[in-house]
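Number of protein chains: 2
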Amino acid sequence: MQTPLQQLHAQIKSGSFRALARGITIVENELTGYDALLKDLNDTGNTKVVGITGPPGAGKSTLVNALLGHWLAEGLKIAVLAVDPSSPFNYGSLLGDRIRMNEFYTNKNIYIRSLSARGALGGLNAKIVEITDLVKEARFDIVLVETVGVGQSEVEIAGLADCTVVVLVPEAGDEVQTLKAGIMEIADIFVVNKADRADAEGLYRNLRMLVHEKATDGGEIPVVKTIATGKDGVADLSREIMGFLEGKGTNKMRRTYMLTEKALQIIRKIRMRDIDTDALAAHIGVEMGKPGCNIYRVTEEFLRQLHESSR
Amino acid sequence: MQTPLQQLHAQIKSGSFRALARGITIVENELTGYDALLKDLNDTGNTKVVGITGPPGAGKSTLVNALLGHWLAEGLKIAVLAVDPSSPFNYGSLLGDRIRMNEFYTNKNIYIRSLSARGALGGLNAKIVEITDLVKEARFDIVLVETVGVGQSEVEIAGLADCTVVVLVPEAGDEVQTLKAGIMEIADIFVVNKADRADAEGLYRNLRMLVHEKATDGGEIPVVKTIATGKDGVADLSREIMGFLEGKGTNKMRRTYMLTEKALQIIRKIRMRDIDTDALAAHIGVEMGKPGCNIYRVTEEFLRQLHESSR
Numbered sequence: 000m001q002t003p004l005q006q007l008h009a010q011i012k013s014g015s016f017r018a019l020a021r022g023i024t025i026v027e028n029e030l031t032g033y034d035a036l037l038k039d040l041n042d043t044g045n046t047k048v049v050g051i052t053g054p055p056g057a058g059k060s061t062l063v064n065a066l067l068g069h070w071l072a073e074g075l076k077i078a079v080l081a082v083d084p085s086s087p088f089n090y091g092s093l094l095g096d097r098i099r100m101n102e103f104y105t106n107k108n109i110y111i112r113s114l115s116a117r118g119a120l121g122g123l124n125a126k127i128v129e130i131t132d133l134v135k136e137a138r139f140d141i142v143l144v145e146t147v148g149v150g151q152s153e154v155e156i157a158g159l160a161d162c163t164v165v166v167l168v169p170e171a172g173d174e175v176q177t178l179k180a181g182i183m184e185i186a187d188i189f190v191v192n193k194a195d196r197a198d199a200e201g202l203y204r205n206l207r208m209l210v211h212e213k214a215t216d217g218g219e220i221p222v223v224k225t226i227a228t229g230k231d232g233v234a235d236l237s238r239e240i241m242g243f244l245e246g247k248g249t250n251k252m253r254r255t256y257m258l259t260e261k262a263l264q265i266i267r268k269i270r271m272r273d274i275d276t277d278a279l280a281a282h283i284g285v286e287m288g289k290p291g292c293n294i295y296r297v298t299e300e301f302l303r304q305l306h307e308s309s310r
Numbered sequence: 000m001q002t003p004l005q006q007l008h009a010q011i012k013s014g015s016f017r018a019l020a021r022g023i024t025i026v027e028n029e030l031t032g033y034d035a036l037l038k039d040l041n042d043t044g045n046t047k048v049v050g051i052t053g054p055p056g057a058g059k060s061t062l063v064n065a066l067l068g069h070w071l072a073e074g075l076k077i078a079v080l081a082v083d084p085s086s087p088f089n090y091g092s093l094l095g096d097r098i099r100m101n102e103f104y105t106n107k108n109i110y111i112r113s114l115s116a117r118g119a120l121g122g123l124n125a126k127i128v129e130i131t132d133l134v135k136e137a138r139f140d141i142v143l144v145e146t147v148g149v150g151q152s153e154v155e156i157a158g159l160a161d162c163t164v165v166v167l168v169p170e171a172g173d174e175v176q177t178l179k180a181g182i183m184e185i186a187d188i189f190v191v192n193k194a195d196r197a198d199a200e201g202l203y204r205n206l207r208m209l210v211h212e213k214a215t216d217g218g219e220i221p222v223v224k225t226i227a228t229g230k231d232g233v234a235d236l237s238r239e240i241m242g243f244l245e246g247k248g249t250n251k252m253r254r255t256y257m258l259t260e261k262a263l264q265i266i267r268k269i270r271m272r273d274i275d276t277d278a279l280a281a282h283i284g285v286e287m288g289k290p291g292c293n294i295y296r297v298t299e300e301f302l303r304q305l306h307e308s309s310r
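From first to last, the protein sequence lines stand for chains A and B.
With the first letter of the first sequence counted as 1, position 43 gets the number 42 in numbering that gives the first Met the number 0; the numbers rise by one all the way through.
With the first letter of the second sequence counted as 1, position 52 gets the number 51 in numbering that gives the first Met the number 0; the numbers rise by one all the way through.
Each hint should be verified, as a subset may be incorrect.
As the list claims (entries may be wrong) - In silico SDA-like pairs for lysine to any residue, Cα to Cα no more than 25 angstroms straight-line: (1) A:12 <-> B:291; (2) A:268 <-> B:128; (3) A:268 <-> B:255; (4) A:12 <-> A:55; (5) B:107 <-> B:4; (6) A:38 <-> B:128; (7) A:251 <-> B:274; (8) A:135 <-> B:300; (9) A:135 <-> A:266; (10) A:289 <-> A:305; (11) A:247 <-> A:43; (12) A:135 <-> A:253; (13) A:107 <-> A:0; (14) B:135 <-> A:266; (15) A:135 <-> B:292.
The hints are simulated quantities; they were obtained by calculation from the structure and are not laboratory data.
Sequences and hints are given; from them, build the entire structure.
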């Protein structure tokens, strides 16, 4: 006899988008059984995660859109997780963009889910790792994770993705030194989008110089020019992504760092399970009224009482 | 026989700035004995904490400067904790500002300490609560905490301070609706600084209207006009602050919320003490290489092994 959760899991594996949507909701909101569901997953390694990140307005969603069309024509099965609040996948953008996406919303080989950026720093959904792990069960060829690049999130996305694409536009002139520190460390591929704009050539040239300077034994980080609205350069980008996934793929150090953070988060949660925040607040409210009160002693006393009562 | 830490504590109580500086360094960097030092504190309730917050460029530091001069003339003993990275107290500003502060740096009744905003969200030092608690031991009349107001930090400062002053300037025209949500909930006093600027009157009028609309049984939040460079309005501001501290003072709900967050942070730390992050990362590095790996199972297995080995 299967439990309802095991049934759901089996349906996700057999490719039901409806079951997948339900599973994501369970994981995202930590509904009953979410932890059992997660512990039941087995990564086959056959699904690759591609992260697309960059500043707001860099045209990430349009690029995702173009990649979807390209990969669909190659017969691939793709999931899109959009954590970018300004993404059209996220109902946050112009109507025109949304309509353009509609062709994909009804396609049997494409699953699209927008996720809120709530509860996490820097534009990432707090459960993005768990949700990506769940989506992998449904045997997609590629899971595309689109996030707006603001500091912290870039490091997380780089740990999550097997290949991280950083999209830039020539808005800040050609001054590559304005790039956020650390972006060289997380980019597996650079994209200069809106490459038809007059100032794009300067950005492209400077990026090429930068990746040349920072080249390692593994070679230089590729820089691809795209004009996503006209789909120019998308085939080049796809080739670079696929090449990277087959060749280098997954940076182990980044992956381990991200997973360690996730593990610490899980451990913290397990160890805080018996803490009743309301009771703690009430206890503090009473204690702080007394003269000579001290939050450090009050907290230890609360923990001691909790420990005694659980014996 | 006193331990060296108890000696330090006694020296702080007797008013040694040198001992206080050493104590703050111990707490800020969690050096040996920092938790014992904190557990030894006894808040007499005689020192009041005044928070000064507002956007960058609102003239908070100049205002703090003017208040220092005013209170010094009244014979008060004051500590300044500057967490604002752009504060001249924080060596981050123009030389001119810094020189102006020098008169206070050598005054026996004023202690100034700049704190980095590292390790905390929204411009607050992660140890600001602990450091403020320690500074209170040195029997100042007032501890002034200056922070740059960016989101989260404003809620924390409001929980920490007995009186929270929100400083605004007419930069965004007179559109009070551009005020961040939640600012009404944390402000005990509003300041319209640079009130000699042409567009200040509009901001002042709209703020007055807003506080009138949101007036409670406790009355309206006062709005004070200042020109801090010329010290105009500083006596008014001081009167409002002292009146608030003697009258309403400390919002209990905010204080309890902040202390509960601090208590949860302490508990998390205590319960994570036995987790060796390097060992966890190494364990994950090994496990994640195996087929069918799963971070949720790996983490639980790590915890189980840890539990067994500690028995």
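Cross-check of the supplied hints:
Restraint check: the Cα-Cα separation between residue 12 of chain A and residue 291 of chain B comes to about 15 angstroms, which is no more than 25 angstroms; the hinted pair holds. With a C-alpha separation of about 24 angstroms, the suggested pair residue 268 of chain A and residue 128 of chain B falls inside the 25 angstroms cut-off, and the hint holds. For the proposed pair residue 268 of chain A and residue 255 of chain B, the alpha carbon gap of about 22 angstroms is at most 25 angstroms, so the pair holds. Of the supplied pair hints, the one linking residue 12 of chain A and residue 55 of chain A is violated, its CA atoms being roughly 34 angstroms apart against a limit of 25 angstroms.
For the hint linking residue 107 of chain B to residue 4 of chain B, the alpha-carbon distance of about 24 angstroms falls within 25 angstroms, and the restraint holds. Between residue 38 of chain A and residue 128 of chain B the CA atoms are separated by roughly 39 angstroms; this puts the pair beyond 25 angstroms, and the hint is violated. Of the supplied pair hints, the one linking residue 251 of chain A and residue 274 of chain B holds, its CA atoms being roughly 22 angstroms apart against a limit of 25 angstroms. Of the supplied pair hints, the one linking residue 135 of chain A and residue 300 of chain B holds, its CA atoms being roughly 22 angstroms apart against a limit of 25 angstroms.
For the given pair, residue 135 of chain A sits about 23 angstroms from residue 266 of chain A by alpha-carbon distance, which is consistent with the 25 angstroms threshold. Between residue 289 of chain A and residue 305 of chain A the CA atoms are separated by roughly 21 angstroms; this keeps the pair inside 25 angstroms, and the hint holds. A C-alpha spacing of about 18 angstroms is found between residue 247 of chain A and residue 43 of chain A, which places the hinted pair at or below 25 angstroms, so the restraint holds. As the CA atoms of residue 135 of chain A and residue 253 of chain A are separated by approximately 19 angstroms, the hinted pair is consistent with the 25 angstroms bound.
Proposed proximity of residue 107 of chain A and residue 0 of chain A is contradicted: the alpha carbons are some 30 angstroms apart, above 25 angstroms. A distance of roughly 35 angstroms separates the Cα atoms of residue 135 of chain B and residue 266 of chain A; the hinted pair therefore is violated under the 25 angstroms criterion. Only pairs whose Cα atoms come within 25 angstroms are accepted, and residue 135 of chain A paired with residue 292 of chain B is accepted, the gap being roughly 13 angstroms.
Comparing the model with each numbered hint stated earlier shows that hints 4, 6, 13, 14 do not hold.
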